[in-house]
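Just so you know, the sequences run in chain order A and B.
The first sequence begins at 5 in our numbering and counts up one residue at a time.
The second sequence begins at 5 in our numbering and counts up one residue at a time.
Each hint can be trusted.
Treat identical chains as interchangeable: a pair holds within one or across any two.
Lysine-lysine pairs mimicking DSSO-like chemistry, simulated, CA-CA at most 30 Å apart:
hint : residue 1 : residue 2
1    : K297      : K457
2    : K279      : K57
3    : K316      : K85
4    : K279      : K316
5    : K207      : K457
6    : K305      : K316
7    : K444      : K432
8    : K444      : K428
9    : K57       : K123
10   : K305      : K176
11   : K176      : K85
12   : K285      : K426
13   : K263      : K297
14   : K279      : K432
15   : K457      : K57
16   : K57       : K316
17   : K57       : K122
18   : K297      : K314
19   : K57       : K314
20   : K57       : K285
21   : K316      : K457
22   : K263      : K457
23   : K393      : K263
24   : K457      : K305
25   : K86       : K176
26   : K86       : K316
27   : K176      : K57
28   : K444      : K374
29   : K305      : K279
None of these hints come from the bench; they were simulated from the model.
Residue strings, one per chain:
2 protein chains.
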Amino acid sequence: MLSKMHCLSSGNEVNFYYRIVVMARSVKVGVIGFGTVGGGVVDILQQNRELIKNRTGVNIELKSVVSKNFSNVGVEILYAKKLSDYNDVINDEEIDIVVELVGGIDVPFDIISKAISKKKSVVTANKALLAERGHILFRMAEENGVTIGFEASVAGGIPIIRSIADAMVGDKVSEILGILNGTTNFILTKMFEENIEFEEALKEAQRLGFAEADPSLDIDGIDTAHKITILSQLAFNTFVDFNSVHIEGIRNISLMDIKYAYEMGFVLKLLGIAKLDDDGKVEIRVHPALISKDNQLASVKNEYNGVLVKSKNLGITMYYGKGAGRYPTAVSVVSDIVEIAKNLDNPRRVNKISHFTEREVKPMGDILSKYYLRFLVIDKPGVLSIISKILGDNNISIASVIQKEVMPHEFVPLVMVTHHAKEKDLMKAVAEINSLNVVKGSGAVIRIVDDLK
Amino acid sequence: MLSKMHCLSSGNEVNFYYRIVVMARSVKVGVIGFGTVGGGVVDILQQNRELIKNRTGVNIELKSVVSKNFSNVGVEILYAKKLSDYNDVINDEEIDIVVELVGGIDVPFDIISKAISKKKSVVTANKALLAERGHILFRMAEENGVTIGFEASVAGGIPIIRSIADAMVGDKVSEILGILNGTTNFILTKMFEENIEFEEALKEAQRLGFAEADPSLDIDGIDTAHKITILSQLAFNTFVDFNSVHIEGIRNISLMDIKYAYEMGFVLKLLGIAKLDDDGKVEIRVHPALISKDNQLASVKNEYNGVLVKSKNLGITMYYGKGAGRYPTAVSVVSDIVEIAKNLDNPRRVNKISHFTEREVKPMGDILSKYYLRFLVIDKPGVLSIISKILGDNNISIASVIQKEVMPHEFVPLVMVTHHAKEKDLMKAVAEINSLNVVKGSGAVIRIVDDLK
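With these hints in hand, go ahead and build the complete structure from the sequences.
Listed below in structure tokens is the structure:
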């Protein structure tokens, strides 16, 4: 396995330098999709082939790259074949690993399922596909004795998949709180720091390339929901149906609430939340959330991602880094390629996701949370008393109330923070309050997420 | 590899539940050392055997535990043999993996080297051993076709070893900044938050079990130095001699400097620092350091550890969690046991540390840094001018100066922050300044570490 290369003696200290002997057979890779991430993967595989070989003994050969258009990627393909039909990679018997970086759902599903049926392992960064049809693909992979690498599908360059799957293999995760979408985190950071409303911050994000022309997957929370679905399946060893995820985005967040909440000690973030409750049910949801300023996630700003994990034995751990971008994502793809390559002939290789426990998803109405409530009310005596009564009648107790300065048109923001309450009680109370004549315009209901302890 | 267990159809959605088929042969483990960490490892292996089997297909059997004293550990050994001589584990042909959790250097070296020569893989949490003699052990391991797991040796429960070795396998690390010692971080946090001096904070840490009766390994920076040595060998693929690490601890830190620096926007931490400079030389050092309040490490408080890594492709990533304690450390040990078990029959298994690049360690005098300087001077005209001239004559330019209020005995703290300067120039200037008649008592020189960008 090893050959000592040379043995240098310098003074009293003897240093040994050695290299791992490279195995005869190289591992052949086909990359399908040559865009932002594909370009990064090709670049790293070309530039760091020797480095990877020296580190791991695995000689990874980029054999083919598939794309409809090889121009304007900013990366030159040095040796690999340029192909236009992905079937030419899937049907190439020499290819060991297929890297799917196409985007969408149907085409990548076709690519991955065909590759698996040809006994090829697959690496993908496709969170939508894995969240929505991963259960089918992981089963196929196990049946065919191959593996699917998906480190890049969640939080780009942060090694959260291997941290949960490998580092916590002897541990039980009970809660995950994640800032999993750089676009929305960038927008929320800008709103707060530059005192601007959502629409303006979105435009700035688009101008700087942090948001797409059609930003809805990001700002409506879908992207975060895909990622938290994958993390929960991994962490809780259970199947979580993507359609059961409660999803709210940040379109309706107003600067006013970010500022009021900050005065009360909170920072607003779009969180993906997955919890394994004491009753054995899974909570899974995506929504704007207030966290305390001391929370480790509060300092995750701009386009960065952060994932906070609570597990029985490790306690609290946190992982921070870039959630997107050519090279951060490509490094994660390459890490999967190398891991699969190292295990090609390993009889004990396994997929990181396997479902072996059946669990119920808790209906959103049943969750417990503290809430930040903000109503615009007419400034006249008795309003607070009416609203407090409605809350009380619905089993919601108030932790603090702030009546803000009068705004134009005589509406006053009334801000309240509740103690823990049941979501369905809270929503019922808020609907009653909003139907009052003294309440005007749109209020705000934002869940407050407790610090992990 | 997989057998479908049952296939449930509920409504329109078909859910597949499956389990990995467990391989016939179990992997047999012997744990040597049954103290804090050993107890945790035994507990996890006993409690989570089924969980690990379901997740990975690997059946890990704890066969033997070695200790001189099996009482007062708080963990009951259920099935494993209790032995008193570690040679009985090493010579047991059935044992696949030896877990060394003894402490010290000579005895664990004997255990590990003997185990390796018997073709057994090893897991250890022993940072001192790996930092000081790891190069010998890793070479032996490669020569014998076995692996050494050492995730628990650095930052306890934070998966920093696999993050660098596996997630960054296609990346090049250029800098690591680590809060790697919970004891000193606890002491520094308490000094700041409770306005107490070092000695009092140390006593509190000892009372709460965060510092040992003889705390010198921690507070003098040796423990941090062991860990940063291991990380630099891993990240830079080079041999770093532990004796070449510049080490300063926190014994001489005074509350006054923590407070003055905080007023200037800095937080004081004991950092392990490893850098691969543009000239190809390695910087490796441990010392109290000032970092900006916005630095991700600034919010790592109390007994927590944090590691900030800069690499070419990922950019900045950060890892946060508990650096010590029974269960955090034990989870990392167990993660290594499982990884080795999964790879027992893998022809491509490799050690994470292999040296293939020869690099020079940069002498401490040659490093560049900004500095916080604090002198106690006699409050009379001309003193600032004399001190400024000495700094200027030594190529050190001043970024800011604060003259603090007069203290008893007419000495005035004079606080300065420099621009980047060469360490040897700075030290020469400080020696000159300290020899002046107008300067009294002990001053402070604390390096300011730039934020990673």
